[in-house]
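Taken in sequence, the protein lines are chains H and L. Residue numbers for the first sequence follow the working numbering, so the first one is 1 and each next one is one higher. Residue numbers for the second sequence follow the working numbering, so the first one is 193 and each next one is one higher.
Careful, some of the hints might be misleading.
Stated by the list, open to error - To give an idea of the chain H side of the interface with chain L (calculated C-beta under 7 Å), a few residues:
id : residue
1  : P37
2  : G86
3  : S89
4  : H90
5  : G93
6  : G94
7  : M100
8  : D101
9  : I105
To be verified - Rough simulated footprint, nothing fancy, chain L against chain H, three-plus residues with beta-carbon under 8 Å:
id : segment
10 : 64 to 71
11 : 74 to 84
12 : 119 to 130
Honestly, the hints are just simulated from the structure, not real lab data. Virtual Cβ for every residue (Gly too), placed ideally from N, Cα, C.
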Amino acid sequence: MSVVSVTRLWGRAAAVAALTLGLACKREERRFNASYPSPPAYAAVTLDTLQPGVPSPEITVNSPSEGNAYDIAQGKQLFAQWNCSGCHSHGGGGMGPPLMDNEWIYGSSPENIVATIVEGRPNGMPSFRNRIANNQLWQLAAYVRSMSGLQAKAPSPGRNDEMQYKVDEQRTPIRTPRASSSRNVPAKSERP
Amino acid sequence: MTDRRATRYRSPTYVAARTAVAFLALAAVGTGCTAGSEQTANATTTQPRAAASGTVGTDTLVARSGVGAGKITIPGAEPEDGQWVRPAKDYASTRFSGLDQITTANAAQLKLAWSFSTGVLRGQEAAPLVVGSTMYVVTPYPNFLYALDLTKPGAPAKWKYEPQPLAAAQGVACCDVVNRGAAFADGKVFYNTLDNQTVAVDATTGKEVWRTQLGDINHGETITMAPLVVKSKVLVGNSGGELGIRGWLTALDAKTGKVAWRAYHTGPDSLVLIGARFKPFYKSDQGKDLGVSSWPPDKWKQGGAGAWGWISYDAALNLIYYGTANPGPWNAEQRPGDNKWSSTTFARDPDTGEAVWAYQVTPHDLHDYDGINESILLDLPWKGQTRRVMVRPERDGYVYVQDRTSGEVLAADTFGVVNSTLGIDLQTGRPTVNKEKEPQMGKVVRQICPASPGTKDWQPSAFSPRTGLLYIPHQNLCMDAESIEANYIAGTPYVGMNVKMYAGPGGHRGEFDAWDPIARKKVWSVKENFPVWSGALVTAGDVVFYGTMDGWFRALDARSGQLLWQSKLGSGIIGQPITYRGPDGKQYVAILAGVGGWSGAIVAAGIDARDSSAALGFANAMRDLPNATTKGGTLYVFGLP
Chain H
1 MSVVSVTRLW GRAAAVAALT LGLACKREER RFNASYPSPP AYAAVTLDTL
51 QPGVPSPEIT VNSPSEGNAY DIAQGKQLFA QWNCSGCHSH GGGGMGPPLM
101 DNEWIYGSSP ENIVATIVEG RPNGMPSFRN RIANNQLWQL AAYVRSMSGL
151 QAKAPSPGRN DEMQYKVDEQ RTPIRTPRAS SSRNVPAKSE RP
Chain L
193 MTDRRATRYR SPTYVAARTA VAFLALAAVG TGCTAGSEQT ANATTTQPRA
243 AASGTVGTDT LVARSGVGAG KITIPGAEPE DGQWVRPAKD YASTRFSGLD
293 QITTANAAQL KLAWSFSTGV LRGQEAAPLV VGSTMYVVTP YPNFLYALDL
343 TKPGAPAKWK YEPQPLAAAQ GVACCDVVNR GAAFADGKVF YNTLDNQTVA
393 VDATTGKEVW RTQLGDINHG ETITMAPLVV KSKVLVGNSG GELGIRGWLT
443 ALDAKTGKVA WRAYHTGPDS LVLIGARFKP FYKSDQGKDL GVSSWPPDKW
493 KQGGAGAWGW ISYDAALNLI YYGTANPGPW NAEQRPGDNK WSSTTFARDP
543 DTGEAVWAYQ VTPHDLHDYD GINESILLDL PWKGQTRRVM VRPERDGYVY
593 VQDRTSGEVL AADTFGVVNS TLGIDLQTGR PTVNKEKEPQ MGKVVRQICP
643 ASPGTKDWQP SAFSPRTGLL YIPHQNLCMD AESIEANYIA GTPYVGMNVK
693 MYAGPGGHRG EFDAWDPIAR KKVWSVKENF PVWSGALVTA GDVVFYGTMD
743 GWFRALDARS GQLLWQSKLG SGIIGQPITY RGPDGKQYVA ILAGVGGWSG
793 AIVAAGIDAR DSSAALGFAN AMRDLPNATT KGGTLYVFGL P
């Protein structure tokens, strides 16, 4: 075996390993000192698309939970533990509106969702201000987005160890938000 | 081995087929299924008409043939006045009208007289009231009250009263933002708002007389029931068994709105108003402070057991009768014990609220079988004597015939497919629970019949003293269920159960039955595609009315079940039909159309049935409803030409 071919083989293996590690790292990345945006940051977000005349420049808040498998999985547990599932079921709704469709009354961006949880909304959404920790809010928002396919496939939760009542988040086709908030939508190619 | 594996979604046809097979197996082992013989009329006795047209007197008593022959009378029956002043028309809750202009012979000619849009597009469950020449209509949230002038063509509105309940209350209403109607007494219309207020409105002017705050949405409470006014007291109960409330029934002074008494349904005897007069019939209902000791420590404080259904009143015995709702959470593993006084029938003194007897229909409820259904008070011939009974078609699938002086259960027979229990032990009063259908943590239990809404939910039945039959609107649903841990956070859901409902054996989801309470069997039965979520009305013309969730308002022959007339309304019907005599002396029938409620939330609240656990699992059984009807909120009034 020549030196050249061995090197080439090692090179290939290294490339594959790097690729695998890279993807895996992206999926499983834990941010132990992540900075989760606090209320003043998302309070600057405008919910309404109707802004007389020329709209103000869009303010984007980067959620560290977006595309992060650990945070989305945490969000899924929190969604049950904070009794979100009591009203929104597993995305189909009940006392509260569905979250797995493409209708977003108060916006679909992570900061819109966090604002909705913190402030509450007038027709029945309770305000969880001073109740849910800041990092949990972003994790919840990230999971809520995965319910309608607004997270990339890789970090989205897979099959439940429970009665099956809907398609897994991982296999949920992307439901592009209607009207106002269409930001932070993963590329079509990322979804099945 | 427990069934931890998820199953794939099955098509309704597949489920129906599986269900049918299961049903056959069930029937074979004889576990108490009642298969109604469809359209087999055997109530053949022809009855003498009431002596004076439109009166309910002793001459409307029914002579019957066959088993249990005898007369059934309605206690405290009043002469027919052509009005409809309380939810069930009379205190005995019969929903029977002595008006007889509309008959089996002419019902086919019924025509729309006028209609009225309520301006609210949520589930319309209320019965309109007719007092003199005015009709009163209550809407779902935001709980408008309209007064319509029946003396003028087209019945224009006289006034509209807006109580302006908190919008946030919508977020704690378990099953659509419904309201089941009002009651009239002493020149005032009384009803409840979703945000826990009882209001009294001057029936002439539409001005508010008083309002009283009775509960708190931040602890999950709402009010959806129609009050009953008994001896100048307005009786009101709360809703929220899915939100960890603590249930109660409250009496308010009709003049002032001041609280006269409140009886809690969990907790120590002093708060349940159990005292020296309390004489429950069965041993398991006897004892001190059972509302505390039948729960794990402190769990009774969020144990549910509201009172969102119907109240009846016997003036001779001076007792009110009503039932309490399910215990919370649904996950029964988190509340070992009987969980008193959930799913319980109470007899109370309306003056003081004192309990005189109680009977827990479903101890330690496993399936959300509330006990709030109507109690129809009858004096019934029973084994050679006349017994003062109440008849209750219950959520658990049995028609209970119960002595209303003592609480003794005389009979309990299934009127639908039941496999969650194997019968009611009349010695102990307790159901024999089918352990195989008991939900567990980490296990999916399949084919539980009836499903959580029961064989019959809130939709009230009607009884005719002329035919001696009880007309029961109900559903035919089964479910898969899996207990999960419920977490109590005040003002949020406290359920702990994943549920998936589907059509029961036969594939139809609804039934409208005529039941003979003496022979203890179905006389005829009409199958409906969707659950029959509307109330029933029966008249002295021997016509029985009900509506379907796809919008058909039907009139049937009360003796044979034969279809006489039907009309397709703008939206699905989940309201309560009433009849009245207009200022022109003619008989009319009124019904609110507007789909919604728990069963219709898929349309009214835009539920997404791609999640089969949506709307507490009901959405799965109603996937095709959005194709059959759309939202609405219209009152329709029909009369003869």
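Here is what the structure says about each hint:
1. P37: 25 Å, violated
2. G86: It holds, given that the least Cβ distance between G86 (chain H) and chain L is near 2 Å, below 7 Å.
3. S89: 4 Å, holds
4. H90: Where the cut-off is 7 Å and the nearest Cβ of chain L is about 5 Å from H90 (chain H), the hint holds.
5. G93: Holds: closest Cβ of chain L sits about 5 Å from G93 (chain H), inside 7 Å.
6. G94: 4 Å, holds
7. M100: Check passed: Cβ of M100 (chain H) comes within 6 Å of chain L, closer than 7 Å.
8. D101: Holds - the Cβ of D101 (chain H) comes within 7 Å of chain L, reaching about 5 Å at its closest.
9. I105: It is violated, given that the least Cβ distance between I105 (chain H) and chain L is near 11 Å, above 7 Å.
10. 64 to 71: violated (count 0)
11. 74 to 84: Since 4 is at least three, the answer is holds.
12. 119 to 130: holds (count 6)
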